[in-house]
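Undergrad: If you want the building blocks of each chain, they are given just below.
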Amino acid sequence: MIRVGVDVGGTFTDIVLERSGADSAVVVTKVPSTPHDQSEGVVAGILKVCSLAGVAPGEIDAVFHGTTVATNMVIERAGAKVGMITTRGFRDILHMARHKRPHNFSLQFDLPWQSKPLVRRRDRLVVTERIMPPDGSVAVPLDEDEVKAAAELFAKRGMDAVIVAFLFSFLNDAHEQRAKEIVTSILPDAFVCCSSEVVNTIREYERFSSTAMNAFIGPRTSAYLRNLEGRLRANGIDAMVRIMQSNGGISTIENSSALPIGLLLSGPAGGVIGGRWTGAHCGRDNVITIDIGGTSADISVIEGGELRIKNPRDTEVAGLPVLVPMIDIDAIGAGGGSIAYLDPGGAFRVGPRSAGAVPGPACYGKGGTEPTVTDAQVVLGRMDPEHFLGGDLSIDASLSAKAIEDAIAKPLGMTVEAAALGILKIVNNHMALAINANSVAKGIDPRQFTLMGFGGAGPLHSVSLAEAIHAKDVIAPLHPGITAATGLLVTDLQYEYTQSTVIVLDGASDEAFARVNAVRDELIARANRQLDADGVPAGQRRFRQIAECRYVGQGFELRAEIPDGPLTPASAAAVIDDFFNAHRQVYGHAFRDQSTEMVTLRIVATVAVDTLTLPKLDKGGRTDPEDAVMYRRRTVFDDGRALDTPRYARGKLLADDRVEGPALIIQHNSTTIVPPGYVATVLDYGDMLISRKKG
Amino acid sequence: MTQEVDPITLQVIGGALHSIAEQMGNVLYRMSYSSIIRESQDLGAGLFDRDYNTLCESDSTPMHIGSLPGYLRGIEKTVPLDAWKPGDCVIHNHPYYGASHSPDIGIVMPVFFEGELVGFSANTAHHVDIGAATPGLVIDIPDVYAEGMLLNGLKLFNEGVRNEPLWKYIRDNTRVPSLVMGDLEAQIAAAELGVQRFQQLMATYGKETVLQATRQLMDYTEDMLRREIEKIPDGDYVAEGFLDDDGRNRGVHLPLKVTVKVRGDAVEVDLTGSSAQVPTAFNVPFDGSTKVACYFAFRALLLDTYTHEEYIPQNEGSFRPVKVTAPLGSIFNPIMPAAAEARFSQIQRVVDLIIKALAPVIPEKSTAGNAAVLSFAAYSGVRPSGDYWVFLEVNEAAMGGRPGSDGPDTVEELMRNTRNNPLEDLGMHLPLICDRYEVRDDAPPGAGKFRGGAGVVKSQRYLTPGFMTHESDRNEDAPWGIFGGKDGHCSKVELRNDTTGKLEYQPAKFSGLRTEVGDVVTYYSPTGGGFGDPLERDPQKVLDDVLDGFITVDHARADYGVVLAEVDDGYGFALDREATRALRAQQRGA
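So the protein sequences, as listed, match chains A and B. Following UniProt numbering, the numbering of the first sequence begins with 1 at its first residue and continues without gaps. Following UniProt numbering, the numbering of the second sequence begins with 1 at its first residue and continues without gaps.
No lab work stands behind these hints: they were computed from the structure. From a predicted model like this one, the values you see are computed outputs, not experimental measurements. Positions of the beta carbon are idealized from the N, C-alpha and C atoms, including for glycine. Careful: at least some of the hints might be erroneous.
Stated by the list, open to error - Part of the chain B face toward chain A, derived, beta carbon under 10 Å:
1. Gln11
2. Asp59
3. Leu179
4. Gln196
5. Arg402
6. Tyr437
7. Asp569
Produce the complete structure using the sequences and hints provided.
TA: As structure tokens, then:
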């Protein structure tokens, strides 16, 4: 069995190949990304990893792909020309959004949903129809002639995609389905979807906007995926192709093409899953991951081995709501390229502005004169010029020092080293506050968690961040730079189906249970039809049932597990208990005297795929092994002490080896800092556990 | 003397304070029950020192930001500093003791560190009903006692023990106890969170370091604002307008006059010349609302968060350079027992008039006339069970054109920034159904090089008999155009019965109206004024507005001098550039 994971980043495309069986091996490499068509870099990378591994392209069984194609389309607003058919009287739901502006203290602000709409007002046409709450009865039948006229107009206008979005369609989708049939018959080649198919949940703006986004990215995303498949075939790679989804599962090309909205976190999701998997084989199931890149850092929390899913009220991309399940990943504008400066009031700032790849940090010598976080690391002796990006890039440390001197040290009357330490302290504080907002603020105690920093720069920050948030300890993964690509090889196939199903669970009637169970049966049947189509044997299918609940009268739901089987009075009681615990964890309070209302039923169907097997390292059991030491050099640590610090070659460390701080452990494209008072222990598969020295 | 905190630690503590306020706000709106809090986020939360200075506030609704110090000073009249004990919690809403207005109930908890009172954790939230003369909102009432429960610095918890008689009193005196009591629970949870986080912050960095850092952060914010004020030439800048009426004496306009006195790096807003106080609830509490509006205006104008890259901490420092004067007995500083619940439209106009007064000297930061109003609708009725239902809805309006961009359409402008209530959520729970929610198309936005924002139209239909109160203004004084831009349009309120077809127009504010099955109330918001000469508007943008239905072909020709030609491309019109050039030349000459 040969499987390949491909993760496309802004600068590099990372590739991992795993061969299982007798001659098992794991080979990693990277190639430059090709932003004009990511599939070029993907295929080039696969061919490169094949040659490194001595494998013929035709021997690959499966390719797993994480892509930012869909996300970039939203950010750049480079999507399809979309038309919308909606309920008469409600043409402008997309234009008004939630009528709240994104800035409180601003007169000159921009509303992206008005200045860069997914569907222009001229392309939003209304038709006569009316579904009534709370039961979904039809008050006014659908005027099919109006739908036909709208579709014909869209045909004349040359729309790439059409959405059908009616009020209260989550209660009754008959009008949407009929309108879709009519549109499809008139525009057979257009990408057509209706709101109840994309997200079948209450709240019109969020549902309509999610549907519009699905259509906006639909035609080009499906074209990309088919193009990728074609390019793979043309290069003799006829492997099965699976795409990473925002919810942490993988899906087929067909499904991803129909619901591309599920791909918006396809890029960062791989990192979190890679972090979970790394944690698992290091014996850690409570992990906080932070993936540190050039301009941003992605933070996520894994609790008890489970990914945390973001509350649907918070899931948005580029300021627009996306009502599909996503791993709870928080991106902040802090990374290696973040620029340090003094603002007009004299405050010491770091980021969110970034030097990016061009001009890059001052030390690149590509014209950047403003100091960055990377320059601070260089000045403090934490990144050695000869090992920068594995020696692929030559840098000039004196440019870092000059930039910091001019911008920060001189105006504040500090030494360059003190200013560099300040830059790191401020950027680490940004990251630590963001971690707290994702953990402490959601009822999670970081003292029970391991911090795992990855991305090339992750292990430079890990210990400082762990100290700031009081994490239990730190793990530096085997290959920090390709954790996300690794994650692609350890992900389950996953589909989710939802339906708004509003019932009060306390004292619910038999009729109410029957209604929920009818919905449950239908959702499971839909999941089974999909899994049949994927050829998954019945025995490998797993179903989780989730009730999204609130106290009657509240506006925000939290997830609660429904025990296996149909909903019964007994399992409803279990749901109420689970909701009570979730509410207490998130808000610090929960109520026994309030009724619990289920709002949405969600079925998550998963199929476990093969997991990645890494070779174990030979046993070393040494302390500070001299043969791994490359050289020693001055390094400044967070407490301001400058120490003569050994550099270890990570590739020469063996299992159970201990390296006591102060030390730097260097590998291609990544450096791990072990400050004084800490010790790094190499684990069985080459990951390192860093913890405070005892005594 | 305490030592200066270094710039690095300062950033660290500043970031932590900001994050605490955000978390307090999040807990409050996510846990709460009423749509006005959970969907609209009509709330504020923050931390304060012993001198009642704001150290940080949640980024929720501007109206609440800056109002809490008034609550704390009002509470001191009942609970002096030495009367606080750990675990206490005070409830307060008295508009003559610092509250913003009576429905905005404040919850305050003291923060003790190492046995000493070091500050307060507090929040405010708008409650659906506090037992006033009419459900939800009031306009035409005789005095402050008709506003409902007045809670003046009362301990809701004594050293951690709930005051059960008071809790019961509140439950028994609101029309919707299930919402109000749940919302109070959320407020208490948010305040508790603030207490814990503030204590943790001091445990981490030391009390003196934290307090010194808060002083430096306030100085920093103050300095940033003063630098901007200093750039404005000294002088007295005046703008005037009027309000429709007081909600009882129809046809009697209420004058508004704002004088902005810029002196070096300080500024005074003098409201002398505005109307005397009125005999209805249409007055403005001075500490909790009038002052807050003036603070907001200068932050939004001078430290605009969209054009300023840096985050400037939200604290007391932004209030210090701004002095506010309003004669006692005027609409902006009424004398007890005048009612003062319906105050939002007036303070919106204060902000808008400050912008208008300063526009000639800071055009690049200004706007044309904004809708500068609030449509606050209270729909209510009694269910067959005998329980009341009360729903408060905020209808958005529009902004004026701006120096580099059109005024945003259908948006919460100036002092308000709530979220709308999803129509589907509403439909599932109330005997009310929305029949229309769209961009207003019967009156165009004010023409300009950058046009005003388009307004909104919203129709709600009663499915059972009920009541309605509507708090608004601006049926009579249209948002102004500026620098050659044209005026926007006034608002209107329509009441039509679906069955009988009977149609009548209502004033912008009315209270306690009885409604019947099939009554449809339709609000048409004002549209924003235009900024700059419409003849300078990019003709392509005029075409886009026609194709998008924001304006008509005739309006494009008459006000913008843009001539369109019919084409058969599925959209209908294209630019006739030649004819446009000619028409514009002719209009300029005229």
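Undergrad: Please go over all the hints and tell whether each is borne out by the structure.
TA: Results for each hint:
1. Gln11: holds, 5 Å
2. Asp59: The hint holds - B/Asp59 has a Cβ within 10 Å of chain A, the shortest such distance being about 6 Å.
3. Leu179: Since chain A brings a Cβ to about 6 Å from B/Leu179, closer than 10 Å, the hint holds.
4. Gln196: Result: holds, 9 Å to nearest chain A Cβ.
5. Arg402: At about 6 Å, which falls below the 10 Å cut-off, the nearest Cβ of chain A leaves the hint on B/Arg402 intact, so it holds.
6. Tyr437: holds, 6 Å
7. Asp569: OK, holds: B/Asp569 within 10 Å of chain A, min 8 Å.
Checked against the numbered hints listed earlier, the structure breaks none of them; every hint is satisfied.
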